[in-house]
Amino acid sequence: MGPAGSIGQDAPAVRREPARGSRRSSSGGRVRLLVAGLAALLVLAGCGGGESGGGAAPAGPTRTVDSERGPVQVPVTPQRIAVLSGSLAGDLFTLEAPVAVAEPRVLGVPPDATGFPPSWSAQATAQGTQRLASEGAGLSIEQIAAARPDLIIGGGQGFTAAQAANAYPQLQQIAPTVLLPAFTQWQDQLTRIADVVGRSDRVPGLLQAYQDRAAQVRGALRLPPQPTVFLYQARDGKPYVITPTAALPRIASDLGFVPDDVLTKANNPPLFGTGDSFETSPELLPRVADAPTAIVLPIGQRPLSQLQADPVYARLPAFGSGQVYELPSTAFRPDYAGAMSTLDAFAAQFR
Amino acid sequence: MSVSPPTAPTTDERADERGTPPLAGGAARAAGLLVGVGLLALATLLSLAVGALPVSLPQVIGAFTDFAGTDAHVAVRELRLPRTLVGIAVGAALGVAGTVIQGVTRNPLADPGILGIEAGAAFAVVTSIYVLGITSVSGYAWFALLGAAVAAVVVYTLGASGRAAASPVTLALAGAAVAALLTALTSAMALLDSGTLDAFRFWVVGSLAGRDLEMLAGAAPFLVVGVVLALLSGRALNALALGEDVARALGQRVALSRGLAAVGIVCCAGGAVSVAGPIGFVGLTVPHAARALVGPDYRWVLPYSMLMGPILLLVADVIGRVLVRPGELQVGIVMAAIGAPVFIALIRRGRLVQL
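Protein sequences appear in the order of chains A and B. Residue numbers are given in the working numbering: position 315 of the first sequence equals residue 315, and the series is strictly consecutive. Residue numbers are given in the working numbering: position 154 of the second sequence equals residue 154, and the series is strictly consecutive.
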């Protein structure tokens with residue numbers, strides 16, 4: 001992995017060459033051509049250099065932000081952002097940052113007709129954002145390069161973060177690349193992304209809007225018996241329990257719900273991924289998920305109606321008493337828009 | 001009419017060339033079968049008693065004699081019993097199917113996959129997910145069965161369409177070609193749509209969990225017919241083992257025997273893959289382990305395979321439940337992890353019987 005500093009040193013020299021040439025030699029078209037050719041060679045050499053050095057640097061004024069791979073020089077006001085994780089893209093649209101190309105996949109959220117998740121497909125279409133076609137063949141470095149981004153943002157939760165991390169050396173060559181950690185709280189994610197794209201000034205207003213809406217929903221809410229357990233069934237048919245400190249139970253807490261202490265009931269099991277859920281056995285579910293109210297997410301494409309027909313779930317107290325509610329998958333690892341729509345979903349479910 | 005098929009002395013002579021198997025002689029082999037039944041009973045009990053929820057032996061028995069609806073009783077009756085029965089049925093079917101396919105093709109590396117059965121089932125399942133949007137394992141089952149049958153028929157037709165009748169070689173080649181094509185199409189479809197890939201990648205591992213008895217009942221007729229046909233083909237396979245010409249000289253109707261055996265394989269492997277998804281290594285390893293015990297006589301290898309298949313599968317499933325408690329590993333993963341070393345151990349001990 002080349003140090004971030006060396007990237008900043010090589011490339012500006014490359015970029016300056018043609019500019020100087022064009023200024024000086026109004027008479028000599030040949031000289032201009034020669035310099036341009038040399039510059040092209042240098043650029044090519046830079047590209048071929050791989051991890052040893054070379055890379056892209058922003059053209060305009062820059063500032064330094066933190067990333068998972070150390071400090072990175074990014075444009076003060078990026079004009080063309082490539083975002084390699086669907087879970088990070090939503091916040092960029094919330095911040096009205098210019099997104100040239102975006103990864104459309106979000107866990108458990110089927111895309112709409114535009115190919116983007118419904119929560120930000122309208123903004124993506126309005127901005128003319130390209131859909132990053134990364135299914136199957138993996139991250140398309142060529143498509144990202146063709147979009148000529150001036151800032152690449154990757155990381156976050158899930159598989160796409162790993163894809164971006166693997167491609168980091170190539171991505172660096174295209175534009176300054178900021179890999180972000182896997183956030184478990186949407187507030188942290190929003191704040192960090194806003195910092196990367198230079199729109200931190202918008203964050204307090206957005207957070208206040210959430211607080212206001214939460215207070216409003218909480219006031220009108222009919223609270224079911226507490227505590228509450230949060231569940232989903234993954235695609236492999238295994239039951240997963242969401243930990244009390246994950247984003248969704250936190251949002252529910254803001255509304256007066258009491259997340260059940262499932263970690264103690266499950267004897268502190270090993271946690272999955274970033275620690276926002278854990279797998280449990282169907283055999284243990286009656287012990288772990290014995291709270292009087294249950295909230296389920298259709299992440300594994302098994303809707304509540306199917307779970308209710310499953311004898312394993314049907315025997316849970318919340319299922320028996322009818323205190324089981326389904327929220328959309330976007331509530332699991334929400335971005336800002338997801339957190340707001342989760343509040344709306346709570347308002348609709350618990351009237 | 002028929003001349004008496006290859007006789008026991010013939011097979012024992014063959015065995016003698018490579019050393020006598022541990023179980024030689026009818027009495028020893030019959031006793032071995034009884035031991036096998038006992039081991040299967042033990043594996044069944046283990047499968048009912050071991051899991052994420054600690055359940056005592058009296059509770060396991062109580063779940064059947066005195067069902068009280070406790071967590072333990074429900075875990076045994078609703079969760080462990082179905083997967084145990086599925087494990088027994090699928091293990092037996094894969095064990096005998098592997099034995100028959102190795103006999104028919106005279107290929108020690110053959111398993112039901114060689115007829116394109118698993119590739120056909122996978123293709124049908126991924127089509128059902130991608131085109132029809134089916135999401136439940138029981139919904140896949142019929143497609144898997146249909147896909148397995150169609151693929152096997154295509155492979156057999158292609159294998160038999162040359163100048164000669166279906167020979168082991170043309171059959172294996174046709175199977176490899178059809179499987180390669182279907183696998184490519186399956187991958188293409190799964191990769192086109194991330195939702196399909198997500199659903200498919202869990203099916204393709206193979207698992208006994210989450211299968212209800214209805215699914216097993218749906219596949220049961222195929223499994224029963226398949227196992228019966230396979231068990232009946234012992235004599236024919238013994239004859240074929242001597243070579244096609246000798247088999248014919250002994251009065252075997254080679255094409256008919258092969259055809260019946262193939263129907264048995266398709267029913268067994270198709271039924272198994274429809275219930276549990278593709279589970280590798282059972283069909284490959286079990287016949288070799290059985291031959292290592294009783295020698296090359298298919299009339300003994302087949303019943304031994306029928307017992308050893310479910311024992312191996314149930315033990316693998318139990319291991320999968322214990323390794324990553326309270327989660328569990330799919331049996332397909334455990335099977336590959338323990339099947340490969342077992343197979344290598346068999347090879348190193350020189351017990352791989354040449355076919």
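Since the hints were derived computationally from the structure, they do not count as laboratory data. The model shown is predicted, which means the values in this text are computed figures rather than measured ones. Among the hints, erroneous ones may be present.
[Claimed, not checked] Simulated coverage check for chain A against chain B, where a stretch passes if three residues somewhere in it have a Cβ under 8 Å from a Cβ of chain B:
no.	segment
1	142 to 152
2	230 to 238
[Said to hold, decoys possible] List time: in silico DMTMM-like cross-link candidates among lysine to aspartate or glutamate, alpha-carbon distance up to 20 Å:
no.	chain 1	residue 1	chain 2	residue 2
3	A	K265	A	D236
4	A	K238	B	D66
5	A	K238	B	D198
All residues carry an ideal CB built from backbone N, CA and C; glycine is no exception.
Each hint, compared with the structure:
Residue count for the segment 142 to 152 of chain A with a Cβ under 8 Å from a Cβ of chain B: 0. That is fewer than the three needed, and the coverage hint is violated. With a threshold of 8 Å between beta carbons, the proposed coverage of the segment 230 to 238 of chain A by chain B holds, since 4 of its residues qualify and at least three are required. Using a Cα cut-off of 20 Å, the hinted pair K265(A) and D236(A) is violated, with the two alpha carbons roughly 23 Å apart. Among the hinted pairs, K238(A) with D66(B) is inconsistent with the structure: their alpha-carbon atoms are about 29 Å apart, more than 20 Å.
Restraint check for K238(A) and D198(B): satisfied, since their Cα atoms lie roughly 14 Å apart, inside the 20 Å limit.
Checked against the numbered hints given earlier, the structure breaks hints 1, 3 and 4 and satisfies all the rest.
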